[in-house]
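Peer 1: Here's the letter readout for the chains.
There are 2 protein chains.
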Amino acid sequence: MEIRPAVVPPLADNVPQASPAEVSRLLRFRKGLDFGGVDTRATPGFEGDKLAGRAAHVLDNEVLSDLQERLFANARTGKFVKALLLVLQGRDSSGKGGVVKHVVGALSPHGVHVAAFGVPTEEEASHHFLWRIYRELPRYGHIGVFDRSHYEDILAARMHRLVPPKVWKGRYDTVNEFEESLADSGIDVVKVMLTISKEEQAERLRDRLERADKHWKFAPSDIADRENWDAYTEAFQDVLDRTHKDHAPWYVVPADRKWYARWAITRILVHHLERMDLAWPTGSFDPEAELARLEASR
Amino acid sequence: MEIRPAVVPPLADNVPQASPAEVSRLLRFRKGLDFGGVDTRATPGFEGDKLAGRAAHVLDNEVLSDLQERLFANARTGKFVKALLLVLQGRDSSGKGGVVKHVVGALSPHGVHVAAFGVPTEEEASHHFLWRIYRELPRYGHIGVFDRSHYEDILAARMHRLVPPKVWKGRYDTVNEFEESLADSGIDVVKVMLTISKEEQAERLRDRLERADKHWKFAPSDIADRENWDAYTEAFQDVLDRTHKDHAPWYVVPADRKWYARWAITRILVHHLERMDLAWPTGSFDPEAELARLEASR
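Top line first, the protein sequences correspond to chains A and B.
Using full-length UniProt numbering, the first residue of the first sequence is number 1, and each one after it goes up by one.
Using full-length UniProt numbering, the first residue of the second sequence is number 1, and each one after it goes up by one.
Calculated directly from the structure, the hints in this document are not laboratory data.
Don't take each hint at face value.
Copies of one chain are not kept apart here, so a pair can be met inside one copy or by any two copies together.
Simulated pairs of lysine to aspartate or glutamate, EDC-like, Cα-Cα distance not exceeding 20 Å [to be verified]:
{"hint": "1", "residue 1": "K50", "residue 2": "D39"}
{"hint": "2", "residue 1": "K79", "residue 2": "D213"}
{"hint": "3", "residue 1": "K101", "residue 2": "E62"}
{"hint": "4", "residue 1": "K166", "residue 2": "D184"}
{"hint": "5", "residue 1": "K214", "residue 2": "E69"}
{"hint": "6", "residue 1": "K82", "residue 2": "D213"}
{"hint": "7", "residue 1": "K101", "residue 2": "D66"}
{"hint": "8", "residue 1": "K214", "residue 2": "E295"}
{"hint": "9", "residue 1": "K198", "residue 2": "E295"}
{"hint": "10", "residue 1": "K217", "residue 2": "D286"}
{"hint": "11", "residue 1": "K101", "residue 2": "E69"}
{"hint": "12", "residue 1": "K217", "residue 2": "E152"}
I would like the entire structure built from these sequences, with the hints used as guidance.
Peer 2: So this is what it looks like as structure tokens:
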């Protein structure tokens, strides 16, 4: 058995882990992938345990933070039109909130915009389904995060029979065109489908029911949805099959191990930001002249 | 010389630090306080060094996070109308951005709304000065953070002669009435005025000028404002004298030591949240019955 120091977490450099590009490749949806057959306990691209995964994630947070600050700084120049939109979907208790807290939470709040989409309010329901979505798009230089999204207007609409089949079926095309227009306008759309096993969900819902400080996270409808497990699997499969595009790819992330999902999503975000080639913007002033002015003002 | 372990930060329990209520009392503005005379290197309520301060801050983050989650959870019940609004003001480089990153950044992004107010855009300038402010108010259950705020419509308006004196002078009353209406509607307004010395500002601006990755944080107007140091001191004093109210108090926070300002502001936020008496909300379901349903669904 390997001997580890008690306090210092093992350095991630010692752990075989796939590069951001490689992790993205491994988890990217591809035609023919059977969503229901994904091993939800797997850790593609990471050969290490929970402790090593957490340590690797902490180190990656620094990389992600640096990239975010570059994205933000460039937008300040006024001539930069890029943003990133992370869309999180998955069953109840699959860990979407945890990703917001632990992945997005590692970033400076200045450049982040989080929107959680619940059951539409009366005002939202009286508009086109993309109305509330457009209002929450990230501005340039920001990372936007959707905790649930316009995909609920297909998924929940279908499962809860909120609209006739003809309506939600027509939304695949609408969503594809919408996301293409985002990409055309400089918003890099990264879609993550978290997937957990039925057993793992039972454990998580049980935890919410057994702890009074977690009751607020539970709704009886969570169990009703769970009883429709297979129908949901089919609905997720259809969403993946019909809306995975090069300009807005889906990543299917095994999420029984929370630490893995967080590590993997961080790497996917790093991959997408690295492709933006984010150099620090140059100022529109002469630093030497400004330093002289500064000295004169002492 | 004291011997310290190399890795483990000293526990804050060993360091004499004032309670959240006491820190709030110490830093709270009071009539007669001379803003220009505040010792910007002081650490009221904390008897320890930077390392101890950072360790104490890390521990406090846990407390603040717990309170924020309770605030957020209560709002989910739909019968709860409380929020907190943190207003950050201070000279250029006084550390407002750092507070957003390190104090607010410790919270789950779900329940936080950060708004940075810059020079008004054309659209903003064509509206009442509170128009853009109202749009960024936190919803109930959230902590809102204003990095600069409606006070710029008094401060910048005055210093840069953007409007006639009669106009910005009239805004003290407008702002007081506005903040009173927020308090009446359940929004706890906490206003923080960070204060640094002229020497410390020179060091920070120099750092921004000497590092290419910090140029984007610098604007030549920062030095012009610095050259009006005393006039700004007077403008800050007037804001404090005229807008410090029980329903929307100002806290004057010495900020030459960044670690101190962050620790102190965290304690002030904890103090305000603790006064809200945030119990965990009870669910509108029977946990035992739901657990039975859950078991049946396995």
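Peer 1: Looking at the structure, which of the earlier hints fail to hold?
Peer 2: 4
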